[in-house]
Amino acid sequence: MTGLTHLTMAAALDGLAKKEFTAVELTEAHVKAVETIRPLNAFITETPEQALAMAKASDARRAKGEAGPMEGLPIAVKDLFCTKGVPTTAASHILDGFKPEYESTVTSNLWRDGAVMLGKVNLDEFAMGSANITSYHGNVVSPWSPGEAGNWSRQLVPGGSSGGSAAAVAARAALGATGTDTGGSIRQPAAFTGIVGIKPTYGRCSRWGVVAFASSLDQAGPMTRTVEDAAIMLRSMCGFDPKDSTSVDLPVPDFRAALTGDIRGLKVGIPKEYRVEGMPAEIAAIWDQGIEWLKQAGAEPVEISLPHTKYALATYYIVAPAEASSNLARYDGLRYGLRVEGASLKDMYENTRGAGFGKEVRRRILIGTYVLSAGYYDAYYNKARQVRTRIKWDFDEAFKQCDVILTPTAPSTAFAIGEKMDDPIQMYLNDVFTVPASLAGLPGMSVPAGVGSDGLPLGLQLLGRPFDEETVLRVGQVIEKAAAVTATPPFMA
Amino acid sequence: MSYIQGETGDWEIVIGLEVHAQVISNAKLFSGAATAFGAEPNSQVSFVDAAFPGMLPVINEHCIEQAVRTGLGLKAQINLHSVFDRKNYFYADLPQGYQISQYLQPIVGKGEIVLDLPDGSSRTVGVTRLHLEQDAGKSLHDQHPAKTYIDLNRSGVALMEIVSEPDMRTAEEAGAYVRKLRSILRYLGTCDGNMEEGSMRCDVNVSVRKPGAPFGTRCEIKNVNSIRFVMQAIEYEARRQIEIIEEGGKIDQETRLWDTTKFVTRSMRSKEEAHDYRYFPDPDLLPLELDPAWVEDIKRTLPELPDDKKARFISEYKLSPYDANVLVSEKARADFFEAVAKGRDPKLAANWVTGELFGYLNKAGKEIEESPVSAENLGGLIDLIADNTISGRIAKEVFEAMFETGEKPADIVEKKGLRQVTDTGAIESSIDAVLAANADKVAEFRSGKDKLFGFFVGQVMKATQGKANPALVNEILMTKLKG
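Taken in order, these protein sequences are the chains called A and B.
Sequential numbering from 1 applies to the first sequence in the numbering used here.
Sequential numbering from 1001 applies to the second sequence in the numbering used here.
Please note that a few of the clues may not be correct.
Below 27 Å or equal to it, Euclidean Cα-Cα: the simulated DSSO-like pairs (lysine-lysine) are [unchecked claim]:
#1 B:LYS1451 - B:LYS1441
#2 A:LYS346 - B:LYS1147
#3 B:LYS1480 - A:LYS346
#4 B:LYS1087 - A:LYS383
#5 A:LYS346 - A:LYS295
According to the in silico footprint, chain B covers these stretches of chain A (three or more CB under 8 Å from chain B) [as the list claims (entries may be wrong)]:
#6 61-75
#7 231-244
Derived by calculation from the structure, the hints in this document are not laboratory data.
Even for Gly, the Cβ is constructed at its ideal location relative to N, Cα and C.
Input sequences plus hints: build the corresponding full structure.
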């Protein structure tokens, strides 16, 4: 039943409920799909036995009438979430052999609600990257790449850092996947691969058990093929966790119930500062198209100003590396993961960290160490913190005039591996539209809105007020329906 | 002021102390792992303490309460808003690669400690701040010729770092400061003050100057773990600095260590080698916001602290400041005294507690909690003196037996037949016998040699094995001698 892998989560839940197929059948189809898409290098660890065991248990629960909200749905897990007994690598050499004795809160929540784990998917090393090319386990290829599988005529990137999640979901090897977003790592790959990805408000999802990149920015979220699926999966992922002091104690709404399609009278903010110089025409066009669709649905576009937008990228590339430089200090070869011996403790540190971290991670550790150093702290880190506050205020002001903000997700469609790679700044520019909401901790979602002249997916981004994922999802679904994108990746399971 | 005499005249020592006090808490500052001393290595370590990937710190509310309680005990400002920062450095026993501490915004601000000096005077030393931080683990370098072993039991244990102003001028004052601080912490129940087990450690900042001159360059002596060492290190370090300056040299700001076998301070690292800790607010923890009502609740549960107790002992029991000091220095001592003094002559109670009891305890190397003589029994002994069952002199003998056996004083008196003789007939016959045996001395007394009275008393007491009531002996003896 290959058709099973092309279902949405909502449809799969329906089919399971109607006993059209079992969770085991659904999982078997996906286990096979995971094998089929191996040329994409989307998975670091496949867990077929575990998947089938979980599916069996899921069928048993359903038979007893104890089906959870995600009962029997096979998903992929970004390899940044610690999973008990299953290797967790963060796509880094330095975590060689690390098998956690604990399960992250987010994945625990998903298993509690009945989801089935297909395996751990690839990412940029420690989630640092926008193209999934920094993984120790090799780059991920987008299923949108032209040519034959494994013999591509042009290897497109799936975006990053949640590139494996995006590729697996787009290629129909998983009904959904967990992602994490620090500066756009859910939204940008979702846009590049034509799927939906939502980063909820900072504090919605527990960070406990998620390998940290930049603690004040990291937030988990779902990556799915529809907005409705994102609503289903988000509900299971989030919730207050006393083990994470930054987790927020708020009830979890039934996000799916918010998808009414009714956005009449809603004010949609269009930030003028996002019309960046040199924005490709088709990006501007899809943005205008999005505004038009929302207008037709009864919403009212309003021009807003987010005056500190131009500082967001610089601010992000100070705050995130600063936190990362400290967060990654624990990988010292002493207690777990890689150890490269040395004559002294210092030698061991240098050998281990030199061999264990890739170039991009080393670059960010150096930047972060520099901006926190005596004599530079005020000019960089402290200034960045101040600007971050200004950026938050910008959004606070804007949300006095509008209910949701519409922007493009990324400044281009997916690029090919090898492009934009000489100059890290060029790579960092990918995050220009996604980073401000990360700094402000706001919910943001990318929705497929069409394809570019190259036939590759384009996404639109919706940003909401803190903890108002419901409006973001509701408006997102209106765009999804209006856009009615039918294009699918040339390579699918 | 006491100065050190140098080649070029008087020098003044300037001392500031940073005391690391382990918070009394069953769990660590940011994890639920246990904190008991002396457990098997690495048996009290959570994934948080070992800095496993994805682990997050959660503040232990009890530790916060202990810090606030300590701040209140130091009459210090409680900061309702404080921030935890990361202090970044690499070391094998620091699993996270950073210590969670408080840097710019500590939980407790300025306070003070009143020192009780041996001459009975007191002196106030400013407390700059108190902040909470995690302890590191322990590196064991002596287990293997080439390798270092790491014990993470202490990793993450809550410490209070209590920083003084540079207000102390002699090693004795520094010693008194540590003793007083330890006493306050023990009264509050926030730190056991056990320096041998490492639950209290000192970093000592020492500089010297000519009296009245600006502060000199200081050296910090790290991790000194006894009051005696604190005082010895200060004496040594001050003389070292004076010698360098008087020989035309200058002091380099540096971190030094106290060598407990050679009794010298040694350079550990210079200012140039000092770490750049890259402090920044820990993004895993929100700023700590305290409810003023919660702080007030803690304030209401504060015990009577040594200074207040001392004042009360002086006014209520009419004790000397010296005795009051000795008694209040430890809460257990003060409690013991009060139990003995209850319903009795407080001055007598104080004398027995600070004199006999502390003397015997000291000789036996015992703490008051281990005293074989209970407060009840010591009180009973004083009662026996008061009701003339025994004399003060016999009481000392009884006390010795009490200390040895832990028995009740009345039982000892009975068993040993030490009951005072108040039967005037018996005393009279003893006196008669003494006077008869010393007729020559009686004659001398009667011819004016008054001093011989003491001799007769002694002879009578000897004859009665000290059991005769001294007042009766005096009275009857005087009558008979004069007669």
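message: Hint compliance check: list the failing hint numbers for this structure, sorted ascending.
response: 3, 5, 6
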